[in-house]
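K.L.:
Following the hints, position chain B against chain A.
One letter stands for each residue in the lines below.
Protein chains: 2
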Amino acid sequence: MMQNHPHDLEKHLLFARHPAAWKMIAPHVRIKTCHKEDAVLHHGDAASALWIVLSGWVKLARQTPDGKETITGLCTHGDVFGEAALFPHASYPYNADVLGHSAELASIPANIIRDAVGHDSALSATVMSLLNERTSQAQLKLEHMSTLSASQRLGCFLLRLCYMQAGGAKTLQIPVEKHVLAAYLGMKPETLSRSQQQLKPLGIAVSGAEIEIESIEKLRDFVCNSCSESGACDVEAAS
Amino acid sequence: MMQNHPHDLEKHLLFARHPAAWKMIAPHVRIKTCHKEDAVLHHGDAASALWIVLSGWVKLARQTPDGKETITGLCTHGDVFGEAALFPHASYPYNADVLGHSAELASIPANIIRDAVGHDSALSATVMSLLNERTSQAQLKLEHMSTLSASQRLGCFLLRLCYMQAGGAKTLQIPVEKHVLAAYLGMKPETLSRSQQQLKPLGIAVSGAEIEIESIEKLRDFVCNSCSESGACDVEAAS
Numbered sequence: 001m002m003q004n005h006p007h008d009l010e011k012h013l014l015f016a017r018h019p020a021a022w023k024m025i026a027p028h029v030r031i032k033t034c035h036k037e038d039a040v041l042h043h044g045d046a047a048s049a050l051w052i053v054l055s056g057w058v059k060l061a062r063q064t065p066d067g068k069e070t071i072t073g074l075c076t077h078g079d080v081f082g083e084a085a086l087f088p089h090a091s092y093p094y095n096a097d098v099l100g101h102s103a104e105l106a107s108i109p110a111n112i113i114r115d116a117v118g119h120d121s122a123l124s125a126t127v128m129s130l131l132n133e134r135t136s137q138a139q140l141k142l143e144h145m146s147t148l149s150a151s152q153r154l155g156c157f158l159l160r161l162c163y164m165q166a167g168g169a170k171t172l173q174i175p176v177e178k179h180v181l182a183a184y185l186g187m188k189p190e191t192l193s194r195s196q197q198q199l200k201p202l203g204i205a206v207s208g209a210e211i212e213i214e215s216i217e218k219l220r221d222f223v224c225n226s227c228s229e230s231g232a233c234d235v236e237a238a239s
Numbered sequence: 001m002m003q004n005h006p007h008d009l010e011k012h013l014l015f016a017r018h019p020a021a022w023k024m025i026a027p028h029v030r031i032k033t034c035h036k037e038d039a040v041l042h043h044g045d046a047a048s049a050l051w052i053v054l055s056g057w058v059k060l061a062r063q064t065p066d067g068k069e070t071i072t073g074l075c076t077h078g079d080v081f082g083e084a085a086l087f088p089h090a091s092y093p094y095n096a097d098v099l100g101h102s103a104e105l106a107s108i109p110a111n112i113i114r115d116a117v118g119h120d121s122a123l124s125a126t127v128m129s130l131l132n133e134r135t136s137q138a139q140l141k142l143e144h145m146s147t148l149s150a151s152q153r154l155g156c157f158l159l160r161l162c163y164m165q166a167g168g169a170k171t172l173q174i175p176v177e178k179h180v181l182a183a184y185l186g187m188k189p190e191t192l193s194r195s196q197q198q199l200k201p202l203g204i205a206v207s208g209a210e211i212e213i214e215s216i217e218k219l220r221d222f223v224c225n226s227c228s229e230s231g232a233c234d235v236e237a238a239s
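So the sequence lines, in the order shown, correspond to chains A and B.
Sequence positions in the first sequence follow the working numbering and run 1 to 239.
Sequence positions in the second sequence follow the working numbering and run 1 to 239.
Only chain A is shown next, with the shape it has when bound in the complex (with noise of 0.2 Å):
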């Protein structure tokens, strides 16, 4: 996976096997720090750039006319968001702000993201198959809602970030307010208080912004077995 440095952007999954694509788009890139509730971006907004995290996090969030708000999603360094940006005359479907301290994000110009897949059929793959995984996760998610308990959708978050942050890492760090992870994993933030203490006996404790972890196979265990996916998401690909 990436590392937490604008300049390895390039063995990012979606540009690590299009050296020549990354060559082309490497110039256009811009690398931002945003602070602590900066807007990254706005719903509606024409869809000007592809962004990738290359640290700290993002909530993904839209609201409805009448005032609900839904956070779509959480995204931590490796993650892209702004896909509409591939598409043109597209808008963001949802605000983009920053939770935590700071986050350092890469944009890429739609123009030229766009440009750089129109004339490169392996990258038009990769990024396919970025928006065909993106879908997964879309649906496994909905599955889980209605499979899954509060403790175990925790648990899923958490193998999903072992396997994003560093490769298996035991310790992880989100700085992500309980109320704004609560309403993400479709909970109540009394119920995830009571996930946390459920997820005890599988040695994980929580302390803070901080996570640990003793056992990612217990872990996994006690999520994957009530999967349909179990053995074959990327949660299991960490393994």
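Watch out, some of these pointers could steer you wrong.
[Unchecked claim] Derived lysine-lysine pairs resembling DSSO-like cross-links, with alpha carbons at most 27 Å apart: (1) K23/A <-> K36/A; (2) K68/A <-> K68/B; (3) K218/A <-> K68/B; (4) K36/A <-> K68/A; (5) K188/A <-> K32/B.
What the hints contain is simulated information worked out from the structure, not anything from laboratory work.
Please read these numbers as outputs of a predicted model, since none were measured by experiment.
P.N.:
Okay, now just chain B, sitting in the frame of chain A:
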């Protein structure tokens, strides 16, 4: 939208703007009539074809190792499934079974569609757009689970069908058993019955598999004012 006839496949959203690609693909398309509860494909099978529903209904579902079923999709004519065939070495992420009396399906061998997409960057852009639309729909469905009432979720499903089935038609045929539709919409069968009752004052009459909608406008007001996509999704595009 596509008509209920295989020879109109070239007018499908996927191919309408890509006559050269369609010419290459057309000789390889197979048309198949499947009957009630025929298994079209199995979760985990190598994804050997991309499928398009010509008529009838197909249920996409997955099972967890501990025996729960989730309905990932209810497809009717014009709908595409089996997108895993777009990716090498991929397997289908669900079972597909025929609902109702029978369904007519078109299948395009995986190597043919992959080859066409790899050689035609415009077709590739259309496929990307389809995949992105899939993600949007799944994320919207996730949002709806927490922001819409059960009767609004049923209303949104009906609005989409009005759009899909016949460019704004007001009589829908839905030969989908109540427990299946309820599970797909994330509710209990008795909640679905109650939701049907709640839609009556909006002029929506359910009689067996037939649903009559007096005013799409009224239904849209009832549903879309509570949805973050209000004014931008396919449902609205149908207006």
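K.L.:
A separate judgement is required for each hint: does it hold in the structure or not?
P.N.:
Going through the hints against the structure:
no.	hint	verdict
1	K23/A <-> K36/A	violated, 32 Å
2	K68/A <-> K68/B	violated, 30 Å
3	K218/A <-> K68/B	holds, 22 Å
4	K36/A <-> K68/A	holds, 22 Å
5	K188/A <-> K32/B	violated, 47 Å
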